[in-house]
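Protein sequence lines correspond, in order, to chains G and D. The first sequence maps to residues 1 to 113 in the numbering used here. The second sequence maps to residues 1001 to 1114 in the numbering used here.
Heads up, a few of these hints could be off.
[Stated by the list, open to error] Listed below are the simulated DSS-like cross-link pairs for lysine-lysine, each with C-alpha atoms no more than 27 angstroms apart in a straight line:
#, chain 1, residue 1, chain 2, residue 2
1, G, Lys40, D, Lys1051
2, G, Lys9, G, Lys36
3, D, Lys1101, G, Lys36
4, G, Lys19, D, Lys1070
5, D, Lys1101, G, Lys67
If you are wondering where the hints come from, they were derived from the structure by calculation, not from laboratory data.
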Amino acid sequence: DTAVSQTPKYLVTQMGNDKSIKCEQNLGHDTMYWYKQDSKKFLKIMFSYNNKELIINETVPNRFSPKSPDKAHLNLHINSLELGDSAVYFCASTRGRGNQPQHFGDGTRLSIL
Amino acid sequence: GQQLNQSPQSMFIQEGEDVSMNCTSSSIFNTWLWYKQDPGEGPVLLIALYKAGELTSNGRLTAQFGITRKDSFLNISASIPSDVGIYFCAGHPVRGGATNKLIFGTGTLLAVQP
């Protein structure tokens, strides 16, 4: 039933490790996104894919690498995790590339020790 | 990165009161969206606005797309305890191009005392 689902919901790991977050949407949307929400609740776009093509890359360190195996999935791999990567990461999706509302997952809370 | 100015930053009200919050920008937007975020969950769309001057309601919620296309407001009437959460405005700037980039406001934290 879930429209945009992310796994895991919580991720606690040591500095320097590599980790991945997965996202899947069953809405038939063409475009998917990754957002980062910091401790002050600011939501900032990181990446966007449309039909497996990268269309937004917002000055994110290259330790972050998104991968879209098909238009229903967008995963985020993070290398060499740093303390400043601690945040909640949200996946979202929308129909087409126009100005349609985005639908969000419930987030992955990443904590770096 | 670009952010929308949202005010107030927080509101503490009594159940039954009406609430008003707004969002402003220095540039023009094509769409305005209002989302609500509950603790531990993702933002959920409340209202979407697509035309300057448009006034749209969703139950006790009413939102308007400003005539100048640089602002929007959200009103909540007769607030109830489950209205508690963070409310975000968001919009697609005219200069966003074909990337469908969504810019978010800074959020308004709403607390409702029963």
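Evaluation of the provided hints:
1. Using a Cα cut-off of 27 angstroms, the hinted pair Lys40 (chain G) and Lys1051 (chain D) is violated, with the two alpha carbons roughly 31 angstroms apart.
2. Between Lys9 (chain G) and Lys36 (chain G) the CA atoms are separated by roughly 14 angstroms; this keeps the pair inside 27 angstroms, and the hint holds.
3. For the hint linking Lys1101 (chain D) to Lys36 (chain G), the alpha-carbon distance of about 14 angstroms falls within 27 angstroms, and the restraint holds.
4. Between the alpha carbons of Lys19 (chain G) and Lys1070 (chain D) the distance comes to roughly 40 angstroms, so the proposed pair goes past 27 angstroms and is violated.
5. In summary, the hint linking Lys1101 (chain D) to Lys67 (chain G) is supported, as the alpha carbons are separated by about 19 angstroms, within the 27 angstroms threshold.
Taken one by one, the earlier hints fail for this structure at numbers 1 and 4, listed in ascending order.
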